[in-house]
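Chains A, B, C and D, in that order, are what the protein sequence lines are. The opening position of the first sequence corresponds to residue 1 in my numbering, with each subsequent residue numbered one higher. The opening position of the second sequence corresponds to residue 1 in my numbering, with each subsequent residue numbered one higher. The opening position of the third sequence corresponds to residue 1 in my numbering, with each subsequent residue numbered one higher. The opening position of the fourth sequence corresponds to residue 1 in my numbering, with each subsequent residue numbered one higher.
For the record, the hints were derived by calculation from the structure and aren't laboratory data. Keep in mind that a hint or two might mislead.
Where chains are identical, the list cannot tell them apart; a pair therefore holds if satisfied intra-copy or between any two copies.
Said to hold, decoys possible - Keeping only pairs whose Cα atoms sit at most 27 Å apart, straight-line, the calculated DSSO-like set for lysine-lysine is:
1) K125 x K233
2) K4 x K279
3) K48 x K4
4) K273 x K47
5) K48 x K341
6) K233 x K279
7) K180 x K73
8) K341 x K125
9) K273 x K233
10) K341 x K273
11) K182 x K273
12) K125 x K273
13) K180 x K273
14) K47 x K180
15) K4 x K47
16) K341 x K375
17) K375 x K127
18) K127 x K73
19) K375 x K233
20) K127 x K233
21) K180 x K4
22) K48 x K127
23) K127 x K273
Predicted model only: the values in this text are computed from it and were never measured.
There are 4 protein chains.
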Amino acid sequence: MNRKLRIAMIGGGQGAFIGAIHRIAFSMDGHYQLVAGAFSADPVVSKKTGEELLLDPSRVYPTYQALIQGESKLPVQLRAEVISIVTPNHVHFDPAMMALEAGFHVVLEKPMTFSLEEARLLHEKVKSSHQSLMLCHTYTGYPMVKQARQLIEAGAIGEIRKVFVEYPQGWLHTYLEGSKQKQADWRTDPTRSGLGGAIGDIGTHAFNLAEYVTGLQVSRLCASVNTVVTGRKLDDDGAALLQFSNGASGVLMATQIAAGAENNISIRVYGDKGGLSWKQEDNNSLRLEWPGRPAECWRAGASYLSSNATHNTRTPAGHPEGYLEAFANLYRNFALTILAKENGATPAPAWIDFPGTVEGLRGMAFVETMIRSNKTQGWIDFIQ
Amino acid sequence: MNRKLRIAMIGGGQGAFIGAIHRIAFSMDGHYQLVAGAFSADPVVSKKTGEELLLDPSRVYPTYQALIQGESKLPVQLRAEVISIVTPNHVHFDPAMMALEAGFHVVLEKPMTFSLEEARLLHEKVKSSHQSLMLCHTYTGYPMVKQARQLIEAGAIGEIRKVFVEYPQGWLHTYLEGSKQKQADWRTDPTRSGLGGAIGDIGTHAFNLAEYVTGLQVSRLCASVNTVVTGRKLDDDGAALLQFSNGASGVLMATQIAAGAENNISIRVYGDKGGLSWKQEDNNSLRLEWPGRPAECWRAGASYLSSNATHNTRTPAGHPEGYLEAFANLYRNFALTILAKENGATPAPAWIDFPGTVEGLRGMAFVETMIRSNKTQGWIDFIQ
Amino acid sequence: MNRKLRIAMIGGGQGAFIGAIHRIAFSMDGHYQLVAGAFSADPVVSKKTGEELLLDPSRVYPTYQALIQGESKLPVQLRAEVISIVTPNHVHFDPAMMALEAGFHVVLEKPMTFSLEEARLLHEKVKSSHQSLMLCHTYTGYPMVKQARQLIEAGAIGEIRKVFVEYPQGWLHTYLEGSKQKQADWRTDPTRSGLGGAIGDIGTHAFNLAEYVTGLQVSRLCASVNTVVTGRKLDDDGAALLQFSNGASGVLMATQIAAGAENNISIRVYGDKGGLSWKQEDNNSLRLEWPGRPAECWRAGASYLSSNATHNTRTPAGHPEGYLEAFANLYRNFALTILAKENGATPAPAWIDFPGTVEGLRGMAFVETMIRSNKTQGWIDFIQ
Amino acid sequence: MNRKLRIAMIGGGQGAFIGAIHRIAFSMDGHYQLVAGAFSADPVVSKKTGEELLLDPSRVYPTYQALIQGESKLPVQLRAEVISIVTPNHVHFDPAMMALEAGFHVVLEKPMTFSLEEARLLHEKVKSSHQSLMLCHTYTGYPMVKQARQLIEAGAIGEIRKVFVEYPQGWLHTYLEGSKQKQADWRTDPTRSGLGGAIGDIGTHAFNLAEYVTGLQVSRLCASVNTVVTGRKLDDDGAALLQFSNGASGVLMATQIAAGAENNISIRVYGDKGGLSWKQEDNNSLRLEWPGRPAECWRAGASYLSSNATHNTRTPAGHPEGYLEAFANLYRNFALTILAKENGATPAPAWIDFPGTVEGLRGMAFVETMIRSNKTQGWIDFIQ
């Protein structure tokens, strides 16, 4: 580490769950220094959040436009370099485009945009810019998820035949938006969330996890997307039969009405030589199953792990890391990549292993494909 | 228990996995006495098996026809009363019909018949006869499965909204039938198994478990049925999106190519008040999840269980029972029902709680619906 | 199997938990036929139990003396061959000695006798007789316990260094004997139980498990034995530091006042190459831990198990067996041994692998050593 | 948060496992800014570490004495306020005393000192100073450990009767110090570790966890302390029978030769109404067991938790936190306490809930008591 990156936040004001998470995630490893923010659409909240975070008041902005413009005018060695956008979906595209155009690197919450069309434009923008964009598919930041990917890549379980991925949550099992609970309010509002409710919010995580771990792409699917809770305006539950590029089949489940369920995103993959499974609830373990010999439990921090899993672990086996560390891995790899490029070096493979617009575009296409398949009630090709 | 029922077996000769299982299951609680058998299509094997089982040689028959005829001729107080048919699917219907016509009670392995048409006929036959038929959906014999059913029936988790049921196996992940392995050989042969491979063999178990636990019926489904292993003649993998009679949705998975998987059939059900889950691998536990309060682990043999779960448990909590006891529960309840009826008594609700032709007919319709939906690649109504 | 052994029971009348367990255990595999019984000290109960079990009334006896005398007078080909004694501890020695003297094989509940002195006499008696005696240390009947023993014997985890064995129960956390609950009543009564309460009832199981799995003997120990519940006359809780014959150290815990605990006897053994652990609650799994490579989960019924584990399993991996099957394994091996000897054959090593008076004597010496160490509050040599 | 505390480190240079852990732990929540360090006894390593951490070179010191003197001379508003001492045990007392005398707050690794005598002096020093000292018993920083303590304090499981606490590790199962591996080298060296090896390194953690969770004190114990690996100079394995102030009994195990074991410190406590258990490996769960009703799984981040558990959690249920967050909880509570006192406010009970010299003194007395009991091979009173 030769220096800290200066980071600014759009969104993440007081009371926003994900804002505090981001700050922990980028503080943990010492690669970032928070220097500015437009923390809320409400300037008073933004100001108060800035004070709490001990920021220079001149760098706490009332709007994201003001932030981007204000920071742009500061001397290069002072101004923010990375802008982290943690707003609801309908305020992803505009600030991200504006930030990229103004020369900032961007961190963006998922799903990447409000619409597939926006996703395409943003993806093109990043490709043609000199900056980097990181998309917060946190679950691929877990070391044992990376281990799973490397094992599959190396052929450990053979040719993939079957993929089960699921994301059960229960927090929307009632009409929570009726009480204006902040998280529920915008996530169930099509004018702020976009086409997908649960499908966009957590379905994209499950989808991303499946494609990341297997290294395959979903080529066709057949979806069932439901709005279970009366009065809700967006889907809160869904499932799909999947077909992958290599012919493997799969099942994806994502629901927010599984009363009592927490957040146990999990995946199981079976190849022709064996199977593996990972659950977020027990994130430091990766189970490998083999025909004719005992199943194995691979553990984060152990000496036998792959380079990539090891790089994304801070503690020896038996010292549990979790969600915040997975998130911090994304931020750390993003910083290492930016700094390497800045120094004219080639980032290590483990560093550039963070989700970006390629994954974001796939995610938005997934939402669109799910919704369309549900309408036609049958199999359709994955929308490119 | 006022007397033991005399039982005869069709199938289950030396080397047949399921034959020995049945004998353990009906011996465990002392309600049956094995008196006769036609244990194999090969009379030599049948004879040898009979010898091993210490049977009177005159009651070891070369064919099932001979058994039914032979036993019928014996004096009432000597002849078999129950005939247990544990042959491959294509030899279910004929012996079952013949046995019923000759006045025997019947135990039948699942799936009930070779075809849906046979299932309908057999169901009608049982309805119009004075005998009883038990179908071996073993997994509904587990006490904690019964507890789950009773909790749902009593409204503990509210109106059902979501059902996940799965049955992953790995034993057919290679072309095992190529080596003539006995279990694989007939199960993958359409002339002996019928329309469904994995769908019939284990998909019907998963389907039955879902309907039994929820008390709901599947009304529509959309299936994907695959033959993954090259050279195989029947499906070895499948999944379906489900819709239930009350509007709940669900997902069913059944595969025999999940390399490394054993036999962990499991179910999760979510209602509007909470969720429950059960796994065969940990069959003595039932997990209840609740919004806003701690999840609970209900345990077989505990004092707080429902009447039905308690009736189907032999040991106090902490003394694990398993698959053989679940199987024995089916046989025991069947015996208690037969004996009660014989004595002119009304069998207790817990006694008549064993699967029969209603479940068998549903199962065969499930296979037919899965196959048809897979052909049309879309949702179809459940075939009645 | 060339014939069934004729078995009689002493104890195990209506309402006795363990009587029904024994009957299931010896019925399961078809090696025994119950022919006689003295089921209770109360002749009325004995008679009623015999009726329920469909026994010939002439072979239901009012006392164990009557049973042994009565059966002795029957023709050899009719009379019982094995007598299973499932009474409280103070009624172990006399009927066992009498049965052995009369030429019967004996099955005996644990702890073997009321006192160490009795244990020594019984052990000598068996050594000098032609009959066999099986002691019901059920937990060593589990296939994965046998697998653990064979792995250790083969040196898989190296030289043993550390042993943790524990048996937590909670059912005596209140003064249950105050309500005359049958199980509690005699187990907490020194005139019927002997020197040890929890130490004798479950401590001996833990001790036996440790010596069986490791193949080592405890040579010294330092015990703490407590009576926690007010009014209780015997210990209900204990622990000990152990030293084994090879210098390994260990810890044993056995308690019946762990409120909420069920019956999860478990063991962990560490050698200089790795460790293994087994818990009754998850009895079909055996966990192997290795420095520098992933932990493994060995599973009952799997193809890679040792001969002895396989012999003691009835179903393929994924079909859970449990406590009753472990118990049945003891009975089955005992029968196979008796029948082999009867035929002049050498029983297979897996058959003679059942606990007998050697283990019973060790168990009674364990109780005595624990009590004495507790009195002196320090380390003492294991009493020979 | 009104400002960040300025922190300096003694020890924790490149390659020191625990140094990086501390930096993550105090960075995570934004309450500290690292301003100075004497990172190694080797000034070159100290300098390089300082560079890596982007420190002002003038504040990277060659010795801890230089650090304390150097920082003392800086203006109050610039100089370090907290000194974190993460050196081997023999370099705890001197820098801690010197730092306290110079007016710094102190963070200290465990065990607190090299000897019990030092512990007494340090404890007196802190009592008579105006500064605070935090001792790194990380495991009491876990939210579910705090929940356990609060449940017991509130009487949820009744009067405590039995405590099992254990800490199995395997990393010292070979003569690792022979290879000069840094962690093993000093921990097995009596001139740097003190009286205890495993007993001091992890035994004190287990002991502290037991006293923290139960709110009881160990009053007597009977220990077995062993040096298992040939050539080792300190104990690597130990166990003790415990007696607590209220009469409860317990067992403590701590070993570093459990080959294959990671770091699964765990505790089980049984009262007269129920039991609870917690394992670091599954740190976000707390299991409650009850006689006559289902066991419960309480989960970190859930809405029903106690104030203290909630205060020490950053994410909602289902987003696993781990070891680093537990460590960060200690640092955060320490900062909140210091800042509150600085502002003349009374720190909240949850803030002052961090271990200090009281716990440190108990820990050192524990080591001394264990060693002495092992020598006398019997029960002794806990050394005050």
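These are the hints, each one checked on the structure:
Within a single copy, K125 and K233 get their C-alpha atoms no closer than 32 Å, and across copies no closer than 50 Å, so neither meets the 27 Å cut-off. For the homomeric pair K4 and K279, neither the shortest alpha-carbon distance inside one copy (33 Å) nor that between copies (37 Å) is at most 27 Å. In this assembly of identical chains, the alpha carbons of K48 and K4 lie at most 27 Å apart whether taken from the same copy (25 Å) or from different copies (17 Å). For the identical chains of this complex, K273 and K47 are neighbours neither inside a copy (57 Å) nor across copies (41 Å), given an alpha-carbon limit of 27 Å.
With identical chains, the CA atoms of K48 and K341 are at most 27 Å apart between copies only, with a shortest distance of 24 Å across copies and 35 Å within one. For a Cα distance limit of 27 Å, the shortest separation of K233 from K279 qualifies neither inside one copy, at 30 Å, nor across copies, at 35 Å. When the C-alpha separation of K180 and K73 is checked against a cutoff of 27 Å, the pair qualifies neither within a copy, at 38 Å, nor between copies, at 54 Å. With identical chains, the CA atoms of K341 and K125 are at most 27 Å apart within one copy only, with a shortest distance of 19 Å there and 52 Å across copies.
Proximity of K273 and K233 under a CA criterion of 27 Å is satisfied inter-copy only: 21 Å between copies versus 44 Å inside one chain copy. Taking the shortest alpha-carbon separations for K341 and K273, neither the intra-copy value of 39 Å nor the inter-copy value of 46 Å comes in at or below 27 Å. In this assembly of identical chains, the alpha carbons of K182 and K273 lie at most 27 Å apart only when taken from different copies (22 Å versus 46 Å within one copy). When the C-alpha separation of K125 and K273 is checked against a cutoff of 27 Å, the pair qualifies neither within a copy, at 41 Å, nor between copies, at 46 Å.
In this homomeric assembly, K180 and K273 come within 27 Å of each other (Cα to Cα) only across copies, at 21 Å, whereas the closest approach inside a single copy is 50 Å. In this homomeric assembly, K47 and K180 come within 27 Å of each other (Cα to Cα) only inside a single copy, at 23 Å, whereas the closest approach across copies is 54 Å. With identical chains, the CA atoms of K4 and K47 are at most 27 Å apart both within one copy (24 Å) and between copies (19 Å). Taking the shortest alpha-carbon separations for K341 and K375, neither the intra-copy value of 45 Å nor the inter-copy value of 53 Å comes in at or below 27 Å.
For the identical chains of this complex, K375 and K127 are neighbours neither inside a copy (33 Å) nor across copies (42 Å), given an alpha-carbon limit of 27 Å. Taking identical chains as interchangeable, the C-alpha atoms of K127 and K73 lie at most 27 Å apart only when both belong to the same chain, with a minimum of 25 Å there against 53 Å between chains. When the C-alpha separation of K375 and K233 is checked against a cutoff of 27 Å, the pair qualifies only within one copy, where the shortest distance is 16 Å, while the shortest distance between copies is 34 Å. Proximity of K127 and K233 under a CA criterion of 27 Å is satisfied in neither setting, with 35 Å inside one chain copy and 48 Å between copies.
Within a single copy, K180 and K4 get their C-alpha atoms no closer than 38 Å, and across copies no closer than 34 Å, so neither meets the 27 Å cut-off. When the C-alpha separation of K48 and K127 is checked against a cutoff of 27 Å, the pair qualifies neither within a copy, at 36 Å, nor between copies, at 38 Å. For a Cα distance limit of 27 Å, the shortest separation of K127 from K273 qualifies neither inside one copy, at 38 Å, nor across copies, at 48 Å.
Of the hints listed earlier, those the structure fails to meet are numbers 1, 2, 4, 6, 7, 10, 12, 16, 17, 20, 21, 22 and 23, in rising order.
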